[in-house]
Amino acid sequence: MADHATVLSIDGLSVNFGGLKALNKVNLELRKGEVLGLIGPNGAGKTTVFNALSGIVPPAEGTLELFGKKVQWPKPHQLVHRGIARTLQGVGLFPDLTVSENVMLGANHLARTGLTQSFLGLTRKDEAALRNRAQAALERVYAGSVSERRADTLSYPDTKRVSIARALISEPKILLLDEPAGGLSAQDIEWFNALVGNLKSVTSIIIVEHHMDVVMSICDRISVLNFGEVIASGSKEEVRSNPAVIEAYLGSHAGDKKR
Amino acid sequence: MRQFFSTILIGITLGSIYSLMALALVLVWRSTRVVNFAQAGQAIFSTYIGYEMMVRTGNFWFSLLIAIIIGSLLGAGVEYFFMRTLFKHADDGPVAALAPVIATLGLLGVIRSVVGMIWGNEYRSFASPVSTDNFVVAGATIPFSRLNVLVIVGAALVMIAFSIIFQRTNLGLALRASAFQPEIARLAGIRVGPIRTIGWTFAGGAGAVAGVLVTPNDILSPNSLDTLLVFGFVAAVIGGLESLPGAVVGGMVLGIGIAFILNYVSTTLIFPAVFVVLLLSLVIKPNGIFGSKKVRNA
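Taken in order, these protein sequences are the chains called E and S. The opening residue of the first sequence carries number 46 in this note's numbering; numbering runs sequentially from there. The opening residue of the second sequence carries number 8 in this note's numbering; numbering runs sequentially from there.
Warning: the hint list may mix true and false statements.
Stated by the list, open to error - Here are the computed distance ranges between Cβ atoms for each label pair:
id : chain 1 : residue 1 : chain 2 : residue 2 : range
1  : S       : Val117    : E       : Val247    : 49 to 57 angstroms
2  : S       : Ala163    : E       : Ala173    : 51 to 59 angstroms
3  : S       : Val160    : E       : Ala239    : 52 to 60 angstroms
4  : S       : Leu287    : E       : Glu216    : 51 to 59 angstroms
As the list claims (entries may be wrong) - The calculated lysine-lysine pairs, modelled on DSBU-like cross-linking and capped at a C-alpha distance of 30 angstroms, are:
id : chain 1 : residue 1 : chain 2 : residue 2
5  : E       : Lys218    : E       : Lys77
6  : E       : Lys120    : S       : Lys95
7  : E       : Lys281    : E       : Lys218
8  : E       : Lys114    : E       : Lys245
9  : E       : Lys66     : S       : Lys95
10 : E       : Lys170    : E       : Lys114
Unchecked claim - Covered stretches of chain S (chain E as the covering partner; in silico rule of three or more C-beta atoms under 8 angstroms from a C-beta of chain E):
id : stretch
11 : 148-155
12 : 170-182
13 : 194-200
These are calculated hints, taken from the structure and not from any lab test. We put the CB at the ideal spot given by N, CA and C, even for glycine.
Generate the whole structure from the sequences, applying the supplied hints.
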């Protein structure tokens, strides 16, 4: 059972893709102000957990509790309304929109979009406020200077920054980061680690990441998935020393990833 | 020289109408990835409603307003009642994936038949709200009237309104985002379904304006806007299918090109020339003037 400090609790989540069981009775718990690492080999089901949480794939079974209340699994457009924001593995920026517009979309639900209101110009105030929020979110990730550029002209590290800014603009209580450090340089990773450290005071984070340096330096707890099942969960030390984890995942990397 | 400028002016008038139809097609394509062949049917139905209002009230502007409202509602209805159901089955197979486009062809036939049943197939006319007398400049008559000015100004106002909505409002931002990456738009909190309906609503309204503006210069019959659909489609393709400015530029290029063929070559060559332009545009610049490969694949 989730205690009052638990912001998100998944109990017995299963997801099927046809005959394939992608997730099998997965339990996860995210506590307020913590960074939970979700790791596992390729195909273990990490992104599927995010997809189920985001309403992209329907759960076959399982329950979800948010902030101590049992809730229905959200539909994609309801996610931000429930205080959750997500970044995507493939970054997912809109290439023909400006950086600022991309970020504004992350809080689109905070501005009026009615047809009549838009025609009458009643939404102008909302849009101006949203633009200011977007700029603030971009500055937070040190990308304020690229706000008016088209997204398809950005460098890869900048697209990562912008995708995080888009998640931050809605001031989420829970942040789901899907491989945020992939493709980043050592310098960018240093910046990213510092950012996550700062964010912990305002949000709780689940991070799916292959980069073990990042996981070990920023996560408070780790859950390990293998073949759609949680095989270990606990502190970094507990997970590191878990024989099942060593066998399934860390063990195969131990030699080349001596970190 | 006078003939040259007259040709340009006629070209801009034709181009304005083609741009409006192209704009309607682009709006639907952008919001749902469907080439809406029913657009001509929706526009003709709205234009007949405008005609009916003209007969009853004699007020062109009121008739235009009612036509726009009916056209917009019809656009929304087609998306909501037909397209949504078809989209749900789009992943069921190759035919199901094409079903929405095929359905728009069927819908074009149905709407035309309904219009024929209600108003008959005989030609009707639509009185112009302004003078159709050609202007006289420096003692010479040029084939350009107040009605042509009205068409250009009317089409320009619609385009400016769309441009403001798309570029300056949060609704426009949601419309642009939903078109390219609906899943990501949903994750950002956008309800893509209603946003798509709004795209079809705008398109229906734009088609109604095109129908009502073009008819005083032409005749009205259940299939009198079919040519406009073809030219609007060619204009949209020239402009890149994705781009609203592209639709306007494509319409203008086509309108001016047709005016030159009309005045300097032969009326009979208009259709072959339009299709040659379509083929050349696809071969030379398949993504159109304003289209980019990256955006199309997004």
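(message) Check the structure against each numbered hint from earlier and tell me which ones fail, lowest number first.
(response) 2, 10 and 11
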